[in-house]
Structures are given as structure tokens and as C-alpha cells.
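J.: Each chain, letter by letter, is given below.
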Amino acid sequence: MSAFVATFKRDVALMWTGGGALAPVGYFLGATMLVPLAMGPDRALLEAAGPPLVWIAAALAVLATLERLFQADLEDGSLEQMLLSPAPLEMLVLAKGLAMWCVVGLPIALAGAPAAIALQAPIELVPAIVLSLALGMAAFIGVGLVGAALTAGVKRGGVLIALIVLPFFAPPIIFGSAVAVGDAVAAALSILAGCALGATALGPIAAAGALRLQAE
Amino acid sequence: MSAFVATFKRDVALMWTGGGALAPVGYFLGATMLVPLAMGPDRALLEAAGPPLVWIAAALAVLATLERLFQADLEDGSLEQMLLSPAPLEMLVLAKGLAMWCVVGLPIALAGAPAAIALQAPIELVPAIVLSLALGMAAFIGVGLVGAALTAGVKRGGVLIALIVLPFFAPPIIFGSAVAVGDAVAAALSILAGCALGATALGPIAAAGALRLQAE
Amino acid sequence: MSGSGPFQDKPSLRVESLTLKRGERILVRDLSFVAAPGAFVEVRGGNGAGKTTLLRALAGFLKPSAGRIVFDGAEEPSLTMHYVGHLNALKGGASVRAHLRYWAGLFGVAERDDEALSRLSLAAQADLPARVLSQGQARRLALSRLVIAKRPVWLLDEPAAALDAQGRAVLAALIEAHRADGGVVVAAVHEALGPAPSQTLTVGV
Amino acid sequence: MSGSGPFQDKPSLRVESLTLKRGERILVRDLSFVAAPGAFVEVRGGNGAGKTTLLRALAGFLKPSAGRIVFDGAEEPSLTMHYVGHLNALKGGASVRAHLRYWAGLFGVAERDDEALSRLSLAAQADLPARVLSQGQARRLALSRLVIAKRPVWLLDEPAAALDAQGRAVLAALIEAHRADGGVVVAAVHEALGPAPSQTLTVGV
Amino acid sequence: MLTYLSNPQRFMAFSAWAAPLFFAAAVIALGVGLPWSLVFSPADYQQGETVRIMYVHVPAAWWSMGVFAFMAAASFVGLVWRHALADVAARAAAPIGATLAGLCLITGSLWGAPTWGTWWEWDGRMTSMLVLFVTYLGYIALWSAIEDEEKAARLAAILCLVGAINLPIVHFSVEWWSTLHQPASIVRSGGSAIHPSMLGPLLTMAAGYLFLFGALVMMNMRAAIFRRRVESARARGGEA
Ligand code: HEM
Ligand SMILES: Nc1ncnc2c1ncn2[C@@H]1O[C@H](COP(=O)(O)OP(=O)(O)OP(=O)(O)O)[C@@H](O)[C@H]1O
Ligand SMILES: Nc1ncnc2c1ncn2[C@@H]1O[C@H](COP(=O)(O)OP(=O)(O)OP(=O)(O)O)[C@@H](O)[C@H]1O
Ligand SMILES: [Mg+2]
Ligand SMILES: [Mg+2]
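For the protein sequence lines, the chains are A, B, C, D and E, in the order given.
My numbering puts the first residue of the first sequence at 1, with every later residue one more than the last.
My numbering puts the first residue of the second sequence at 1001, with every later residue one more than the last.
My numbering puts the first residue of the third sequence at 2001, with every later residue one more than the last.
My numbering puts the first residue of the fourth sequence at 3001, with every later residue one more than the last.
My numbering puts the first residue of the fifth sequence at 4001, with every later residue one more than the last.
Just chain A, with the same shape it has in the complex:
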């Protein structure tokens, strides 16, 4: 079993015993639920303003899950062991990101369907919304890895990572929201795919660089 597969399996197992997708999906649905509460019962308003907010809920849900990703590894010594592996740290980080996408990203994308419907998105857009969320989650996670690695040594890093990462979440949110309101869907999807690819390719490299420093 390669180090990549071992890391992926372990992270999936740990996230699963830690409650799996239940908590992030619950957070996501909970946050979307707050929107109509805050906006009041005006149906027309919700119809106009609601669907894009699915993206904010999704961004914040993934953020909440990300933050302890490397902090725990640093505190309990697991990071040192990852550095001792013959596999490059970049690969291991990628494996962790992939695990997170499978256990958290994909379920949130799927939960995007009921959430979008609850926020009055047109039903025919739902498949595109789910697809866009799946891509957006990959972009969020790729960027989030860097934020998580940079703040791994900071206690209460939860809000710091948000501050660092949110500016980079802007492009996927802008184009993702375009999908949610049915605006130039195909173009937006291809830009999202680009974001996802870029973040997945560059994120682990920057994150691994930061983690090497954290271990000092």
C-alpha cells in the first residue's frame, strides 16, 4: 500500500469515526436554514436573493471543517511522522485533501440540492448547482489546505484561517453564484473547473512548504 493510499484511507476512516459527513452537512443545511429566518417570510425576496447564498453556506461549512486538519497533526506528532515518510509531503497533503473532498465536499455538494430548493432555486438548475458545488468544493479545499497549513501552529486558528482563505474563495463564489441564478452556466462551470484544477495543483505544494516550516 503506497503512502498516498494509506494516508487517504486513514483520513477517511478518522473523519468517518468522527461523525463523517453528518456534521459538515448539518452545518451546511443549518446555515442555509438561517437565511430565511434572517430574511423573513418574503417569498419573492428569497427567490431572488436565496440561491446564491447556498454558496456562502458551503464555503463556511468547508472552512469550519478545514481548520483542525493540520493543527491536530502538528500537536500530536503525526506531522513529524509524515515528514519521515519516503513519499513527498506534497503527495500526503494531496491525499488528505482528496479524503476531505470525498467525505465532506461531495456530501455537501449533494446536500446542495435540497438546500437550493429550500432557498427557492428553479428546479431545473439543481443538477448544475450540484455539479458546480462539487467543483467549487475542490477549489475551496485546495485553497483551504494552504490556509490550514499556515495557521497550524496557531491556537484558535479557526478565525485566522478564515481571514486568510476568504479572499481566495471569492472567485469560486462569484462564478458559483452565477450558476445558482442560471447566468451563463456553461462558462461559469468551466471557470469553476479551472479554479478547482488550479487550487488542487498548487494548494498542496504551498501547503507542504508551510508544513515543513511548522515542524521545526
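Incorrect hints may appear among the rest.
Partial chain B-side listing against chain E, Cβ under 7 Å, derived [to be verified]: (1) L1022; (2) A1023; (3) G1026; (4) G1030; (5) M1033.
Treat the hints as calculated values from the structure; they're not laboratory data.
All values derive from a computational prediction rather than experimental measurement.
Using N, Cα and C, we set each Cβ at its ideal position, and we do this for glycine too.
Use these hints to put chains B, C, D and E with the ligands onto chain A, whose structure you have.
T.: Chains B, C, D and E with the ligands only, in chain A's frame:
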């Protein structure tokens, strides 16, 4: 120096060296910034839907700060020492909550002014919004203490605490949003004050009970 | 303890047919003992035998499945005992001295940082954040709570872990002085701490 | 090591005028030594002297301020050495056996859980989550990485911490067997581990 | 020049006279530029007197991006060649850049009120400027949250390099989104599209900002180096 004061001082100092209010306020402003990004540049829509979303951003910002509050204490053994103090645990929890309100809650309430303006709230409502946020933060923190205590033993508790706590955030968000759109402001403010009082009185008691079980 | 004299009330620790469980496993069965003022009880047992479990029960963190734990002649357990466990209870961002001050407040006693620092030879590290302390320095800082809190009953879980020879000598001297003042020491150890125990409990089978 | 024979290539560890700093403090100054196959280097020094710092530098976590660390006759450092530090690198939610499997994958070696479990006397705990292990059991699990990873150079930081007498005997036997296979052991200790060291380095002044 | 200055000793000697010199240059440029732009330059035929905000706004916008580029370059040098001074420079520039970004946002929204009839609009440029501002805040927060300076320097450098991706987005946002904000009219291919009577004061102000930035960065760096010297002296004292 009493145990209450010592705990308050220590927590303020620790939060301060950990970056102080910069990060939570940044998170809050960052999250409000995402709203128009997602909703697009339609001014009228934002005016109608925007201001209440300040409350969602505030709720999520405080949530992100809360989650490691007791988890760190449990993991490093500080909780055991708090149990050995002659002061009742409820007092110590209250001190921690108060510290958090001062270092995080109040600055977020103040940052509510620019956030509300950015989300197109009428300028004359801004003082009421800031006041309502200050009260709402107290309510959020009171409830959040319980959630943080219940999830202290759970790795990656970040999303779990959200799941537990968000339902209780609903009343302050509903009445706070009413303030943000200028709906029956005085009544809403007094209800918020009630929420704040209730949460501050009951939260530490429930949280302390949960923490005693965590230490086992 | 130097400069403050023996304890006013000298409580003793009485344990009556104590049974402790973790999960489904019974670790301590029907244990009874008394530790009178001046006693030094050594708790022995292999890895996983239940030493930590016993000490945590004595400190009140863990509810016994059966039996009682009583501090005779003491008003209140929290004023009577102190516990130094496997975890050091340090915050990386706070300085050594800030910890000592905080503990004085937390335990409701007068601040005596300098005494604690010199007893544990931590004076040179007083202003360093706990994060940069070495393993042994961190352990010394945790042990300095004994000097600060000044409770008559000490519950120590492998107190000498990570200490060098000088540190172990300091610890032995602290224990001797504490016993001379009429205090009680219960310590889980794998190797003798120095002072001859007045009693040895063996947990596990 | 039992069942797998001595190492093919027997690397030795060579350190040349190494200088290490933490913050502004110089902890190790101009240290040079060679540990040939079969060597057992004991690193001594008081609390805070710099033992952990030295071992972490040897493991490659810490960049030296000056000097070099070379593994002669080895292809790649990550295939040559293994480090067991103060931290056990355990995840509370994963079982003991899951840790062993993961490490085998991480270090790119064959799975040998049962051998590791029996060597470290952890067989009874194989299916427990790491969260419930006692301090000594957790340390044994961390040490079992040495059996799993099977690297020729071992860097051990207070490996006997929290071990009972049986655990220390097991550790001593592991070290002896490793040396017999031509491996190198560098261990920071406060008390002798058992096997006679071939060399003692003292850090700090 | 840069390798020459990479030695802290030489930097201290250099900045001891260069910082006051830059400061003097800034005073002169701003002393000429402010009255020129705020009083003597012509009012715009469309916007009237409010156009004068431009002379504060546009240089702030330019240099808030320029400072980030400077920080990215310094971070790269610090990361690759481990020049401690480059780290110090990046850190010293951040609060200045953040202030400039804040100034750009504030003057922009002050300007927007009379010209577009709104304080704030979520168009591409304003949004991306806000994003840049938040990036500055994140960079500063990361620095202040990590106590070990050396580690903080290198981690912040990674963040800065990643954040530099944002710069082209800020610049091109106007073309991509094409909403309210003016497209580039001065720095663009095909020559400047602004009247020379406005270009003069604008460039003077921009030069003034640049000199002020140079002076402030050097002063911040000197303060940081002094602080580090005091700390290391104290650490050596503690060791003895
Ligand atoms: C808060 C609102 C605003 C923000 C964040 C903002 C941001 C910026 C930025 C970043 C630039 C530099 C563009 C570049 O060179 O790449 C810029 C330039 C400029 N801005 Fe604004 N701006 C705002 C409001 C306004 C308003 C209301 C006006 C006038 C009606 C205005 C007029 C200009 C002009 C004339 C330039 C120079 C364009 C050039 O030649 O490149 N801005 N602004
Ligand atoms: N939920 C559980 N199920 C089964 N066994 C458990 C459970 N929780 C704890 N244990 C076992 O209980 C014992 C706890 O022992 P404890 O920590 O008290 O040991 P100790 O004597 O302090 O050992 P050490 O010397 O290693 O510190 C361990 O053997 C552990 O495996
Ligand atoms: N940033 C810093 N500033 C000053 N001193 C530091 C800093 N970081 C670490 N130190 C000091 O460096 C030393 C690190 O020692 P190290 O952990 O290597 O000791 P050790 O020999 O392993 O000790 P122990 O036996 O206690 O584990 C400690 O004395 C610590 O106080
Ligand atoms: Mg134990
Ligand atoms: Mg050490």
C-alpha cells in the same frame, strides 16, 4: 486576585497574544463581503436582502471562535486544574465567556457598523444595529459555551458544535434581523436583551455540567 | 514548606472498598487504605494497571463504581488536595510567570512566583512562553503548582517523568519537606522517587 | 531483527561541526561525531540542555545553523532513519492495529502488525482506540514504529518515558537486536537504558 | 545594490541618511502636489470640484497594489535566499500597504457618493480592492499570531506569494466585469487618455506617495532591527 478575575485576565491575555479581535472581526467582515459577491451587483436586491445577513455573518464568526474554547483546555489538562479550584466551575466558565465577549463580541458588534453600511442598511439604523449585535453576541456566547462544552471531547468538533448551537441561535437572529431592517426596533431590542440575560445566566451552568463529565 | 510552616489542619485520606472501572474493565477492586498525615503512599503497577485511574478518582474527576473516598479533618476537598497528572496544563502562548500568577488566582492563594521559580530552578525561563520549554522544564512548571497551591494532600502521577537528576532531587526534597509539615503524598511511579514510602499499593494483577 | 536478518547496506551517521540554535540561544556548538554500524550513542544533558533539539536536527526537522549531518552509505535519509520523539503521533479515534497498518503504508514497508503487537506486548489492546490507552501503552505503540519501519538508524528521545520495568526490558532487547543487525541507535536519556552505550555525548554545559 | 543592502549593518548605515532624504523628497513632492492638485488644477467639466479626490485616490490605488508587489518580491527573496532583511522589509511594508488600500476604499466611496450616487457598489474593481485589503489584514494577522519571528516570516512569505495572484485580478477586474468603475485610462496600451493639466499633479502626488512609502518602510525596518537587537541582547544576557 479571585479565581474569576484570574481566569478572565488569562483568557483575555491568551486571546490577545493569539491575534486579538483582528481575526474574528476579519472573519466577520470577510463573511459579509461574500454576501454581495454571491448575490451579484443588483443594488435593489442587496438593499432588501442584505442587512439581515449581517446577523448570519456575526453568528458564524462567533461560532468559529468558540469551538476550541474548551477543547484546548481538555486536551492540555487545564480543565482538570479548573476543577481543582475552590471557585465553582460555573464562575470560571462565566469568566471565560465574559473574556470572549470583551475580546471578540464587542469588536464584532462595532464592526457591525461598516458591515451594515456595506450591505446597504439605512444609515440611521446603524447605532441600533450595533447595540443589537452587542446584545446578540452575549446571547450567542452564552449558548455557545454549552455547545463548546458538549463537544470538547470531539476531534474536529467545529462542525458538530455548529449543528448543536445553530437552532438556539435562531431567536436572536430573527429579532436581530428585525432591528437590521428597522422593524419594531425597541421591542426587538428588549427581546434581545432578554435572550442575552437568559443565555448568560443559564449557559455557564449547563456548560459547567457538561465539562465535569468531559474530565472523567 | 519553607517560610510558611506546617499545615493548620492535617487531613488524612481514607479510601473505603473502592472499585473503579474503565469501559467494561474493572481496574481497581475493593481497595481500602488510609494515608495519615506524613504518609507517602507509592502506587505501583505495570503499564495499564490502573494507577492513573486511581489517582484521578482520588482527585474527584472520576466517579467510583463503588466505595468512598474521604478526606478526614478537612473542610473541602478542593482546598485539601492538589493533582499533578500526565498532562502539564500549560498554554503555549503564556509565559512561565504568567502561569504561576494565574494558578495563584485560580487556587485562591497568595502569589509566590519567585519562590516557586527558584525551588524548581526555572528562574532563567521566567519570561519564556511555555511553548518553547523543553519537556523537563514543562514538567517542572507543572510541579511548581505544588509550591503555589500548597494543599496538604498531593496526588502525583509519575511526577518525575522527563526530569533530570537535579530535578528528581528537587522533587524528593519537596516531598520530604511536605511530609515533615504533616502533608500526605500519593504518587504513582515506575521507579522509586527517593524518599522511602510509608506504604506501597499495587494495582492490577 | 527477528525473521528479516541484518540490514543490506549499513549506513553510519556522521555529524560535522554542528551548531544548533533555538530562538537566540545556541544549544549545540560545533559538535562532531560518527556513529558507525552497531553504535549506541547515548545523549546526555540536563533539562533544557538541547537533547531534543539535537535529535530533531538529526531527523531533519530542524535546519542547522552551521555544520552537516550525513548518512554515509545510504541512498536517502527517509529510508535510513526513524525518529521516536516526545510526541507519540497517535490519533485517539483509530485503533492500535489501524495505527500499525497506516504506518506500514506511510513508510512504504510490508505490514507486520502481529509481530509488532507481540514484541511490544500490546496484543490485548489491538482493537482498542488509542484514546483509551494508558500512558505506557501509548508509548509502546509509538515504539512499535521501530519494528514496523525497520530503518537502520534509530533516533530516540527518552524512549523509556512512561514504560514499566517489563517495557524497559523489551526496549533494551530491541536495541540490542538492532545493534547486532548493524543498526545505529542514538538515544537521549536521563537514566541508562540497559545496553552499554558505545559512546556518550553530553550537550549543554 | 540589493545584495549590498542585504547586510543589516550596511542597511542601517544606508537608511540612516536615506530615510530622512526620502522623507524630505516626500515633503517636497506632496508640498507641491497637494496645493497643485487640490487648488490650482482645473476642475473637471463633468465632475466639477469632486475630481480633486482623484489625486488622493488614484495614487493610493496604484501604490496599494505596488506595495503588495514589493512585498511579494521581498517574500520571494526571503524565502529563496533566506535574507532576513527581506522578511523585515515585507513585514514593514504591510501596514503601509493596508493603509493605502484603506485610503483607496475610503476616498473611492467618498468619490462615489457624488458621482455615482452611492457610497458603495459591488462592482468588480471595488470588490477586488476590498479583497486585496482583506488579504493585507490576513497577512498582518498571520504575522502577529505566530510568536516565533523566523517561522512567521517564512509562513507569511508563502501567504504573500499566493496572495499576489490577486494583483492581476484587481487590475483587470474592470475589463472582466465592466461595470461602474472607470477602466484604466493612464496606464494602458495606446497612450494616456487623460488631460495633461491633470496628469501633472497626479504624477507629482504619485511620486510623493512613493517617497513617503520609502521613508516609512525604512523607518519601520529600522525599528524592527533595533527591537531584534535588543531582544537578542536580552536573550544573551539571560543565558549567562
Ligand atoms: C470604493 C470605491 C473605489 C475603489 C475600491 C476604487 C479602486 C481603484 C483602483 C484599484 C484603481 C487602480 C486601477 C489600476 O490602475 O489598475 C483605481 C483607479 C481609478 N479610480 Fe477608483 N475606485 C473606487 C471609486 C472610484 C470612483 C467613485 C471614481 C470616479 C468616479 C474612481 C475613479 C478612478 C480613476 C479615474 C482611476 C484611474 C484609472 C486609471 O487610469 O487606471 N474610482 N480605483
Ligand atoms: N473504554 C475502555 N475499554 C477497555 N479498556 C479501557 C478503556 N478505557 C481504559 N481502558 C484500559 O484501562 C487501563 C487504564 O489504565 P491507567 O491509565 O489507569 O494505567 P496506568 O496504571 O496509569 O498505566 P501507565 O503506567 O501506562 O500510565 C488501560 O489498560 C486501558 O487500556
Ligand atoms: N525561542 C526560544 N528562546 C529562548 N530559548 C528557547 C527558545 N526555544 C527553545 N529554547 C530553549 O531551548 C532549550 C530546548 O531544549 P530541548 O528541548 O532540546 O532540551 P532537552 O535537552 O530535550 O531537555 P529535556 O530533558 O527537558 O527534554 C530549552 O532550554 C528552551 O528553554
Ligand atoms: Mg498512567
Ligand atoms: Mg527533550
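J.: Give a verdict on every hint.
T.: The hints, checked one at a time:
Satisfaction of the interface hint for L1022 (chain B) is found here, the shortest Cβ-Cβ separation to chain E being roughly 5 Å, below the 7 Å cut-off. Annotation: interface hint on A1023 (chain B) holds; nearest CB of chain E at approximately 5 Å, less than 7 Å. The restraint placing G1026 (chain B) at the interface with chain E holds, with a minimum CB-CB distance near 5 Å, inside the 7 Å limit. Residue-level restraint check for G1030 (chain B) holds (minimum Cβ-Cβ distance to chain E is 6 Å; threshold 7 Å).
The beta carbon of M1033 (chain B) comes within 6 Å of a beta carbon in chain E, closer than 7 Å, and the hint placing it at the interface holds.
Figure legend: structure checked against the earlier numbered hints; every hint is met.
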